[in-house]
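Start from the sequences, fold in the hints, and give me the full structure.
As they're listed, the protein sequences go chains A and B. Residue numbers for the first sequence follow our numbering, beginning at 1 and rising by one. Residue numbers for the second sequence follow our numbering, beginning at 1001 and rising by one.
You may find that some hints are simply not true.
[Said to hold, decoys possible] Just the calculated beta-carbon pair ranges, DEER-fashion:
id: 1; chain 1: A; residue 1: Ala617; chain 2: B; residue 2: Asn1176; range: 27 to 37 angstroms
id: 2; chain 1: B; residue 1: Leu1131; chain 2: A; residue 2: Glu196; range: 12 to 22 angstroms
id: 3; chain 1: B; residue 1: Thr1093; chain 2: A; residue 2: Thr48; range: 51 to 61 angstroms
id: 4; chain 1: B; residue 1: Asp1111; chain 2: A; residue 2: Val590; range: 33 to 43 angstroms
id: 5; chain 1: B; residue 1: Thr1067; chain 2: A; residue 2: Glu196; range: 23 to 33 angstroms
id: 6; chain 1: B; residue 1: Gly1110; chain 2: A; residue 2: Gly74; range: 28 to 38 angstroms
id: 7; chain 1: A; residue 1: Ser254; chain 2: B; residue 2: Tyr1113; range: 16 to 26 angstroms
[Stated by the list, open to error] A few chain A positions that, by computed beta-carbon distances, are all more than 12 angstroms from chain B:
id: 8; residue: Val117
id: 9; residue: Gly119
id: 10; residue: Pro183
id: 11; residue: Thr257
id: 12; residue: Leu345
id: 13; residue: Asn461
id: 14; residue: Asp499
id: 15; residue: Asn521
id: 16; residue: Gly588
[Unchecked claim] Listed below are several chain B residues computed to face chain A (Cβ distance under 10 angstroms; list not exhaustive):
id: 17; residue: Arg1146
id: 18; residue: Arg1193
id: 19; residue: Asp1197
Read the hints as simulated data drawn from the structure, not as lab findings. Beta carbons are placed, not taken as given, at the ideal position from N, Cα and C, and that holds for glycine.
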Amino acid sequence: MKKLICFILLIYLTSCDQGGGFGGGGGAGSGSLCTSSEVAEIAECNATIDSGNLPVTVTGIAQFFKRTTVSQSGKLVLGAPITTAMPIKFAEVRVLNSTGTIVQCGKTNSTGALKAVNGTSDLQIPNTIGTYSVEVLARGQQVLPSIVSGKPAFQMYAAIKNDICTNELHKISASIVSNGTGPINTSLTAYARETETSGQVQGGAFNIFNNIVTTYQYLADNTGTTNIDCLNSKLNVYWQAGFNPAQYIYPAESPSTLSNISFYYRGYNQLYINGGKLGNVSTADTDHFDDAVIIHEIGHRIEDVCGKMDSPGGTHNGLFRIDPRLAWSEGWGNYMGAHIIKNKLSNINSDPALNTLLGAPGWVYYLDTKGYTDGASGTASELIRFDLTRAGSNPEIVQNNSPVGASCGVEDLCFDKVDSAAHPGEGHFREVSIARSLFKITNTCAAGCTNRADYYDEVWNSLNKITGIGQIIYPFRSSVRFYKQLNTAFGSTMPASIDATLNSDEAQQRSGNSDYIIAGNLTWPAYGIKLVPSNTACNLEIRPRNEDTAVTDVFSDQRYSNHFYFIDKVTSLPDISSLTLTATRLAGTVLDLDLILYQEGYSFVTDSAGAKTVSSAQFVRSARSTGFTNKTISSLNTLSSTTPYILNIRAFTTGVPVASNTSYTYTLTSNTGGYLCPSAVF
Amino acid sequence: MPIRSFLKSIAIILSAGVAVGFAAVHFLKPVDKNRSLMYYSFSKLGADQNSRYLFDIKINASELSQTENEISIIKVNIEGLKDFNSDLIYTWTLPQDVELAEGALSGPLGDFYTNQNKEYILKVRGFSKQLKKFISFEVQGEFEQRPVRRDILISSRLEDSFEYSIQQNELNNSKNQLKNKIYKLGDAKPKGRFDLDRVVR
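As structure tokens, this is what we get:
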């Protein structure tokens, strides 16, 4: 018997730890992913070293090549490298003697010229005869100037490293020989082809670095006098040619079958850029020359440090209505990826042929490619492309065989096609729609697209944590909150052109829009609007729907089958201890209507294939019993007064065929018997 | 009982426990036919995501030759996650200097039912441990008017990649954790470095 007990115990012990394992690891150390201890990044070389009498001046230019974008059978793909190299701006420079001792530090200036650490004086080394190595590192710290007078200073500070284990910086180097007199001229070039770089493709690292510099330069000139020193902290980027950083997230998974991704690691100032797979950069999906993807990730970092990122993360692909917090964050990233390239194209890609290819509108795309075409080598394809000037009702087709400009037909699956009249507000749940609206607002595209710096300035003011939705008073951030804030930024007089885009084009009607009122009932309360006590009932109506016929088993439609209300215990509902939902079916399918309470930072818990999720660690409170009855959540008096909560009214629809006319009116009442209604002020 | 026999019994029990424990976990693990989206690893493409509702792809133990002249056998396994009848097509893409010895380079994926496994095998010459080369296997088409696309990449020298280094290190760490656990009941779960909630792509 003892043996049997031991045996059973051992089975238990060997089985209880399967799976999982992402319990709050963190980006601060290499953890268990490296075969040996993590190596610290080399110290910065940012102080002038005395070169003694009669120093020798070193001159030269640092530059990089990148693969440009070309057309292939109507698609946009990566082609051969640009023919004229681009400058490596604001990068750290080190000069080492033959024993490896650093004899001077410097940096490149805005034209890529080698300079002293102040960026303007000559780079000088001692007059000792010998061989030296000049290195340009993909790391830099530079106060960026602005064309706007009175703007507080801020800096670009970033490093592009090979991996999380060695923290080795990408660099290029050149050998110089000094006979004790100068100047000595040299040039340093980072190339884009594997064959020119022993597979290292340093041009990729410096292209990522250049994308950061260029994005920050745009922000310097287009955010008015607003202080943007939120960007000052160091941004660490990890990229390696031929390496898929998804392996960091799923270390035990088969590298061959893992999908390639780039990502931002929230809260840690870390970007991970996709460099290929298993050493392959010629046919695999890579992102180091996909500027829109890189800047998309930079956009996440900007939102994280200058605003407030509420995105729960997770799967998104521009096909379905998703969590509005995720849609907002991804929409912002998509938009930044296209908008910065559009308005800084010559700084991003100097290829003159690209201008010809793009024509009058210029760059208006979010683009993600795979492989490249370059003579006989490589195989190129287009993975994701959408034109942000397209109408919400006619976006680009997802199918791989659609040429640029093809119309979205009735049966086609397109990137977040919206219908402002039939589905008001659905754009708030669609990332590509959000990207399009932001792009259309900040670019005037009537005759070719031009930057609207004045509107971008207000977009920034509506995003940031000083005056925008990044402020702590606005939990559960989404585009509907953003556009409310943008209206405030315009003095509560939203320009008509912006409202036209939101109301008639992208189905992102603002909170309170009359399109949400049907027969006197409010059918869509703005996501995260506050619940407040009311003496009278408010006319609330939910119109549940199946999200999508092909994947009905998976999604609960957050636009139609769910309503969300911010529960603010401090200012609005200090005495609440219970909350009751009472619903009346007006028409259609009989469904369960339930209550779920989440707290800030929640992951939306969906249902699946006829199986209701009745308990979850994400649920702070829930009432999800079977049947269409009144539902009550209680013990609300024990909730934290400092935590924002969100109440989810959920119609259980997954796996249930829902008639297209289904609708319910409902009321919410508190323990006092009084009504709870959405606040008049969002 | 002499101490030697007692220790021997304990050792046998421990060994058997480990072996049966692994097997039991494998067999007792519930087959989740309604995997939620969060189950899947991140992917960027809608077409890729669509594929993950339908099937899973794994590389079976392939037999790679040591020299370019010998024949290598590449095996890919597809498991149906739901019943589906589609016009999906699979395609192998070989490098120019890799010669097909046996098997079809493309063909219909065919019908699947839940938990059904099918193996797709290719025999090639010029794909060996001697030189690093890549073969891709792609499934593409439409299912219920949705684009479906999924591809995998097979390297002849997987062991040279940084991904492989991370994977092996992880598997070794997990193994060690498990080994230690038999003797240390208080061990914490092995932790990965990345918190999925912080990954924003």
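How the hints compare with the structure:
1. Between Ala617(A) and Asn1176(B) the beta carbon distance is about 29 angstroms. The supplied range of 27 to 37 angstroms therefore holds.
2. Taking the beta carbon of each, Leu1131(B) and Glu196(A) are about 20 angstroms apart, inside 12 to 22 angstroms as hinted.
3. Distance hint for Thr1093(B) and Thr48(A): a CB-CB separation of about 54 angstroms, consistent with the stated range 51 to 61 angstroms.
4. Between Asp1111(B) and Val590(A) the Cβ separation comes to about 36 angstroms, which falls inside the hinted range of 33 to 43 angstroms.
5. Checked against the given bound of 23 to 33 angstroms, the beta carbons of Thr1067(B) and Glu196(A), roughly 30 angstroms apart, stay inside it.
6. Restraint check, Gly1110(B) to Gly74(A): a C-beta distance of roughly 32 angstroms satisfies the suggested window 28 to 38 angstroms.
7. Our hint of 16 to 26 angstroms for Ser254(A) and Tyr1113(B) holds, since their Cβ atoms are close to 24 angstroms apart.
8. Residue placement check: Val117(A) keeps its beta carbon more than 12 angstroms from all beta carbons of chain B (closest about 33 angstroms).
9. The Cβ of Gly119(A) sits about 33 angstroms from the closest Cβ of chain B, beyond the 12 angstroms cut-off, so the non-interface label holds.
10. Once the 12 angstroms rule is applied to beta carbons, Pro183(A) is consistent with being away from chain B; the minimum gap is 41 angstroms.
11. For Thr257(A), the shortest C-beta to C-beta distance to chain B comes to about 5 angstroms, within the 12 angstroms cut-off, and the non-interface label is violated.
12. Non-interface status of Leu345(A) relative to chain B is upheld: no Cβ of that chain comes within 12 angstroms, the nearest being about 24 angstroms off.
13. Listed as outside the interface, Asn461(A) is consistent with that label: its C-beta sits roughly 23 angstroms from the nearest C-beta of chain B, beyond the 12 angstroms cut-off.
14. The beta carbon of Asp499(A) is kept farther than 12 angstroms from every beta carbon of chain B, the shortest such distance being approximately 30 angstroms.
15. Asn521(A), annotated as away from the interface, keeps every beta carbon of chain B farther than 12 angstroms; the closest lies near 32 angstroms.
16. For Gly588(A), the shortest C-beta to C-beta distance to chain B comes to about 24 angstroms, beyond the 12 angstroms cut-off, and the non-interface label holds.
17. Annotation: Arg1146(B) was flagged as interfacial toward chain A, and the flag holds, the nearest CB pair being 5 angstroms apart, inside 10 angstroms.
18. At its closest, the beta carbon of Arg1193(B) sits 4 angstroms from a beta carbon of chain A; the interface hint therefore holds under the 10 angstroms criterion.
19. For the restraint placing Asp1197(B) at the interface with chain A, the shortest Cβ-Cβ distance is roughly 6 angstroms, inside the 10 angstroms limit, so the hint holds.
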